[in-house]
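Once you've looked at the hints, dock chains B, C and D with the ligands against the given chain A.
Protein chains in written order, with numbering that gives the first Met the number 0: chain A, 0 to 303; chain B, 0 to 303; chain C, 0 to 327; chain D, 0 to 327.
Simulated from the structure, these hints should not be mistaken for lab results. None of the values given here were measured: they were computed from a predicted structure. Keep in mind that a hint or two might mislead.
To be verified - A few chain A residues facing chain D, derived, Cβ under 10 angstroms:
{"#": "1", "residue": "A19"}
{"#": "2", "residue": "L20"}
{"#": "3", "residue": "A92"}
{"#": "4", "residue": "A173"}
To be verified - Here are some, though not all, of the chain C residues that point toward chain A, as calculated from beta-carbon distances under 7 angstroms:
{"#": "5", "residue": "G66"}
{"#": "6", "residue": "G77"}
{"#": "7", "residue": "L79"}
{"#": "8", "residue": "Y107"}
{"#": "9", "residue": "A114"}
{"#": "10", "residue": "A193"}
{"#": "11", "residue": "G195"}
{"#": "12", "residue": "A309"}
{"#": "13", "residue": "S313"}
Here a beta-carbon is modelled for each residue, glycine too, at the ideal position from N, C-alpha and C.
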Amino acid sequence: MMLRIRLFEETLADLYKRGALVGVVHLSIGQEATAVGVCSSLRAGDQITSTHRGHHHMLARGLDPRRMFAEILGRAGGYCGGKGGSMHVSSVAEGAVGANGIVGGGIPHAVGLAFAARRLGTGSVAVSFFGDGAANQGVLFESLNLAVVWQVPALFVCENNGYTEFTPTHAVTAGESIAVRAAAFGLPAGAVDGDDVVAVARAAGEAVERARDGRGPSFLECRTHRWRGHHEGEESYAKPYRQAVDPEDPIERLEQAMRGAGLDPVELRTSIEAEERALIAEALAGAQAEPLPPVERAFEDVFA
Amino acid sequence: MMLRIRLFEETLADLYKRGALVGVVHLSIGQEATAVGVCSSLRAGDQITSTHRGHHHMLARGLDPRRMFAEILGRAGGYCGGKGGSMHVSSVAEGAVGANGIVGGGIPHAVGLAFAARRLGTGSVAVSFFGDGAANQGVLFESLNLAVVWQVPALFVCENNGYTEFTPTHAVTAGESIAVRAAAFGLPAGAVDGDDVVAVARAAGEAVERARDGRGPSFLECRTHRWRGHHEGEESYAKPYRQAVDPEDPIERLEQAMRGAGLDPVELRTSIEAEERALIAEALAGAQAEPLPPVERAFEDVFA
Amino acid sequence: MISVAAPSSAKRLAPALADAIAQCMREDSRVVVWGEDVTIGVMGPTRGLAEEFGLERVIDCPISEAGFVGAAVGAAIGGLRPVVDIMFSSFTYVAFDQIANQAGRLRYMTGGQVAVPLVVVGSAGAAGSNAAQHSEVPTALFLNAGGVRVVFPSTPHQAFWLMRAAIRSDDPVIVLHHPALAAARGTVDPEPLALGDAVVHPIGTDVSLLATGLMAHRARSVAESLASEGVSVEVVDVCSLNPMPWKAILTSVEKTGRAVVVDEGRLTCSVASEISAGIAERAFGALAAPVRRLAVPDVPIPFAPNLEAAVLPSEEDIAAAAREVVRG
Amino acid sequence: MISVAAPSSAKRLAPALADAIAQCMREDSRVVVWGEDVTIGVMGPTRGLAEEFGLERVIDCPISEAGFVGAAVGAAIGGLRPVVDIMFSSFTYVAFDQIANQAGRLRYMTGGQVAVPLVVVGSAGAAGSNAAQHSEVPTALFLNAGGVRVVFPSTPHQAFWLMRAAIRSDDPVIVLHHPALAAARGTVDPEPLALGDAVVHPIGTDVSLLATGLMAHRARSVAESLASEGVSVEVVDVCSLNPMPWKAILTSVEKTGRAVVVDEGRLTCSVASEISAGIAERAFGALAAPVRRLAVPDVPIPFAPNLEAAVLPSEEDIAAAAREVVRG
Ligand SMILES: Cc1ncc(C[n+]2csc(CCOP(=O)(O)OP(=O)(O)O)c2C)c(N)n1
Ligand SMILES: Cc1ncc(C[n+]2csc(CCOP(=O)(O)OP(=O)(O)O)c2C)c(N)n1
Ligand SMILES: [Mg+2]
Ligand SMILES: [Mg+2]
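The following block holds chain A by itself, in its conformation from the complex:
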C-alpha cells in the first residue's frame, strides 16, 4: 500500500510537470507510513477526516485510484464528480468523509462523527488527520477538550512533517511538543516515529481499540518527513528554504525491518511493484478517458 501511494503521487508529480494538472497539488511522498499505519486498524463504518495533503490517507483507507485520479483531473467519474479536486477528495461510503481546504477545519468534524457513532451505537470510530501546522489552530484544542469531556471514540493524528508550508514549524510553535500540548487536555497523547509503519500501526491500533472499547479519545503525533515541496510547482517563487533533511524512506524502513525479521523483501517488492505499477497506470488511463462533468452539475448539490 505504501508503494501504491508512492507511485500514485509520483504519477501526479509527473503529470504536474507536464502541465496536465490544474489547481494546487500537495503530495504526501515520505509520509506514507503514517497513513498506512493508522488506517490499517480501521474497519468499515469508521470515518477519517483529512487535509489539503490527503491522497495517502484516501488510498490507505482503500479508495479507488481511478476515481481519485478522475477527481484530481476534474472528471465526471471523480469521487466528487470533479467538484472537489485534489484538496477535497472524499468517499463517505468508504469511510473517508473527506479532505478539507481549511487547515484545522476537519478536526471538530471527527469529534461529531465519533459522537454520532457512539450515540447510534455503531461501534465505529472517527480519526482526524492533520498536520503540525494545524497544531496552532485554536479549533484543535477546542476539539480535544470536547472529545475528552464527551469521551467519544476519536483518534487525533498529527502528521508532523516539520513544516507549515515553507516555515519550519518549530519557528512558530511554542512549548515542548505537540503531544505535550495535547496531553494537557487530559487524553492519552504520545509521539511515534511516523516513518516506521509498524510502530505507527501498533500505536494507532491501541488507540483505536481504546476508542472502540469506550475508553475515550487519544492523540498520536507521528514524526515524519515531507520529501517534496509544500505543493508542486512551488519552485516558481519559493527560494530554497529547507534545512538539509535526510529523510527516511518508510518503504526502505519496512524492508530493513523485514530483513531484520529474516525475510527477503526484494522478491516481494518486485512482484508488488509490478502489480501496483500496472494498477496505477490503468487507473490513470481510466481516469483520463473519463468525460468532463456536464455543466449542469455546477448548479446542483448546494442543498439536499
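For chains B, C and D with the ligands alone, kept in the frame of chain A given last:
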C-alpha cells in the same frame, strides 16, 4: 480599593433591583482581590484587556467611578459616551483599552499591545484578564503560542471563579487545570489563591517584572469565587444551580492578614469605608445628573 | 400535515421554538441539542428540554463555538440531527468558518455525498441595550455566504412551524429569533409553514411593506395606523429568507406597485438591498415608485437606550416611508 | 500628492502592492507586516519585504488567523500600523469575529477612544481550480459586517495607490487582490487614488458597466468589442467598495440610463444587489431599463475548470446583458 469595588458593585446590584439599569450587568463581588492584586503592579502606559465582567478591573486600574457609572447608565459623560455600556467600559488614556462582550475576544489584543509596546520601546506591558470559561476558546491558545514565540511583555490572567455562566466549568473542561494547559505552551504558568490579594500581588508582580525585563510572557490562574449570579436578574430563569460554596471574602482575608501582622484593621476599615461610601455616592449622583448622549452621537465614531 | 387540533399549546414565541424542538425530539431520536447552558435554556429555545430528554441529548458545551458547531457538522454528517443553540447569533462570527465554509460547502464539495441536517438557532436584534456585540441581525451574512437556509419567525405560529421544518430539513438551517419577541403572544395554528414561505397579513392595495422579525411587528402596527389615514397597507412577513419567498413578494408588489423593505440588519449589502434589487429586476414595470429601503445605517448598535432607538427603523420611520412612496 | 515621476516602477499588480507596502515601511517605522509565510511572500503582496526590512518587521506567523489578526488589532490600537497578509481572503472566516466584531466595532464601542489602523490583504476570486474554499469573493460579507473599509484594485496603478491609502488610513481596511490578476500589466501613474475613488474608463454613453477586479477587466474588453457593434459602453471600476463611490456610479448611470453590475461574489445580498438597490433609490427617474445584476449564482466555486468557468460571469454573459439593456 477592594472596598471601593465592593461598594460600586453593591450599588449597581441595588440599582438593578430598583429597575434603574438597562442591559445585562455582570458583577465582580468576591473577585476584587484578583483585579486589585494584579493592577497593583501596573503603571501608566501599561494596558489591560477585560471582559463582560470587568468593573473591578477598571476600578483597580484607577478609572473614575463617576464616569463608569455614567457609562453603565448610558449617559453622555460616560467613558464611551454611553455607547459601550457595562460590558464595554474602557479608558485607553488610563491604561484600560477595554472590556469585550465576546468571550476570549480581547486576549489576542493583549499580545498585539505587548508587541507594540516592545517595538515602540515604551517599556510598557499588557495584561489580559479573562475567565475560566474563556479557557475553552481556541483563541486563548493561539494567543499564548504567539506571545511565547514573539516573547512579548504580556501577562495572561485567568480569573477562575468556577463558573461558565451557569455551568460549573469543571463539567465542560478537560485536563488537570487551566494553568497546566497554559504551561504546555512554554511559558511560566502558575495558580494562586485569587482571594488573597497579597498572594496575587506577589505573583503578578513577579510576572510583570519578568515581562518588563524582556523575559517574556507569563500566565497566572487566580482561583476565586463569584458571589452573585452570572448576571443580575438571572433568578428570572436560572433555577438554583450553584453548589454550596462558602466563598471567602477577600476583604476579610486581608483584614485577617493585617491582624496576623499585628495591625488593627477595624479603625482603618471604618475610616476608609466612610470615605469610599461618600466617594461612590457622589460618583453615582454625579452620573445620574448627566444628560443622555445627543442622538447625533449614534452616527459617529464608526470610522476615523 | 393538516390537523384540527392545535399542534402546540405554546402561546409565546420562545416556548413555541422549544415545543417544536421537543416534538421533533419525541418523534426522532437522532435529534440532539447542544450549546452553552442549554440545560437551563438561558436563551429560551431549549428551556425544559433537559428535564424531558436528559443530559444525553441536551448537552451543555464549553465556550468553544468553532469546536461545537464543527462537531455538530460532523454529527450531522454522521447521522444525527443536531440543534445547536449559539445564544446570540453574532457569536456565529467565532464559528463563521464552520458555518460558511464547512456546513455551507461540504455537500457541494463532495458532489452531493453528504447531507448536513444541522440547525443553528440564535437570537438576532436589539432588545434593550445589549450593545454592539449582542444586538445585531446578521441575516445578510448568512444569505451571502450561502449554503445554509435561514428563517426568522416573528410569531409563535411561525416559530413552531419553521423550527420544525428546520429540524426536519436535510440542509443546514439558521433559525433566528428576536430577543424582544421572546414573549410575543399568539397561537400556533394547524396550518404548517415550510421553508420558503412568507406570511401575507394584513392584505392591502396601496403599498407593500416587506419585513422580518421585530420589523414585521412594527410594519403590521403601521398598517393599522395608516388604515385610519386611508392608506391600504399589505405586509409581507419574510419569515423565510433562504429560500426567499419571491413569489409572495412579487405578487404583492405587482399588485400595489409600491414597496418599502424594512430591515433590522445594516443597510449595505442587506436583505433590504437584495429584495429591492430583486424587485427591480423582476417587477420593474409594475413599480409606480422606487423601492424604499429602511435599515440600520452602517453603524454598530449603541448601548444607550436613546441611541439604540435612534438607529433602528421606528414605526414613525416606516409610516413616513410608506406615505412617501404612496403620495410621492 | 502630485509628482511628475512615476511613484513606482512596478509593472504588474502584485509587485505594485508589495512596492506600496515597501514605500510605506520606508516612510513609517510603525508599519509592520505579518501573516503566514510573508517572508517568502507566497501570495505576492509581501514578496521582497523581508530582505529589505528584516524579520523584526516582516514576521511569519503560525496558522492562527484569529490569534494574529486579533494581535494586529491590538498592535494597531497600541500605535503600530500592521499589514496582515491573510493569504486567501476566505481564511478571514476563521478570524471573522476579530475582523467584524473587534476591528470593526472597537472604535464605536469605545466612543471614539481608539483607532484601528489595520490592513488585512487577501486574494479574492477564482484562478484556475482552487475550488470552493480558496476561490470566493467575500466582499459583501465585509460590507455588510461594516466598520471596515474595503478596496479591490484591478490594475497596478489602483493596487499601488489603494494599498498606500489603506496603510495610511486610520481605519481597518481590507485589501482584496485577484489571483488571476497578480501578473496583470500596467504602469503606476502619478495621480493618486484615495479610498472612495472609482476609475471610469472607457467613457461611454449607452450603458454603464459597474464592476470590480477580474470582472472590471472583462467589462473593459466587452466595452471594446461592443464598440465595434456601435454600442458605447462606459465602465466604472468600483475599486473602492467602502467607501462606495456613489457619485461616480450615479453620474455614469444618470448619463447612460442603463446599468449592468458585474460581481464575482455570490448574487444574494451581493455588492451587485447593493449597487442595484442604491441606483434604484437614487436615480430611479434616470433609468431607461431595470438595473441588471450578473454575479456568481448562489453556489460554491467548483473545482473542474469547465464547471468553474460556468459559474463565473463571462465576457459573453456581460456582452449579452449589456446588449439586452440597451436594445431592450
Ligand atoms: C485556515 C487556513 N489557513 C491557512 C491555509 C493555507 N495553508 C494551506 S496548507 C498550510 C500549511 C499546513 O501545514 P501542516 O498543517 O503542517 O500540513 P502540511 O502541509 O505540512 O501537510 C497552510 C498555511 C489554509 N488552507 N487554511
Ligand atoms: C464567544 C462568546 N460565547 C458566548 C458568550 C456568552 N457568555 C457571556 S459570559 C459567558 C461565560 C464566561 O465565563 P468565564 O469566562 O468564566 O467568565 P465569568 O462570567 O465567569 O466571569 C458566556 C458563555 C459570549 N459573550 N461570547
Ligand atoms: Mg506540516
Ligand atoms: Mg468563570
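Taking the hints in turn, this is what the structure says about them:
no., hint, verdict
1, A19, "12 angstroms, violated"
2, L20, "9 angstroms, holds"
3, A92, "20 angstroms, violated"
4, A173, "9 angstroms, holds"
5, G66, "3 angstroms, holds"
6, G77, "3 angstroms, holds"
7, L79, "5 angstroms, holds"
8, Y107, "5 angstroms, holds"
9, A114, "5 angstroms, holds"
10, A193, "14 angstroms, violated"
11, G195, "11 angstroms, violated"
12, A309, "37 angstroms, violated"
13, S313, "36 angstroms, violated"
Hint violations for this structure: numbers 1, 3, 10, 11, 12, 13, all remaining hints satisfied.
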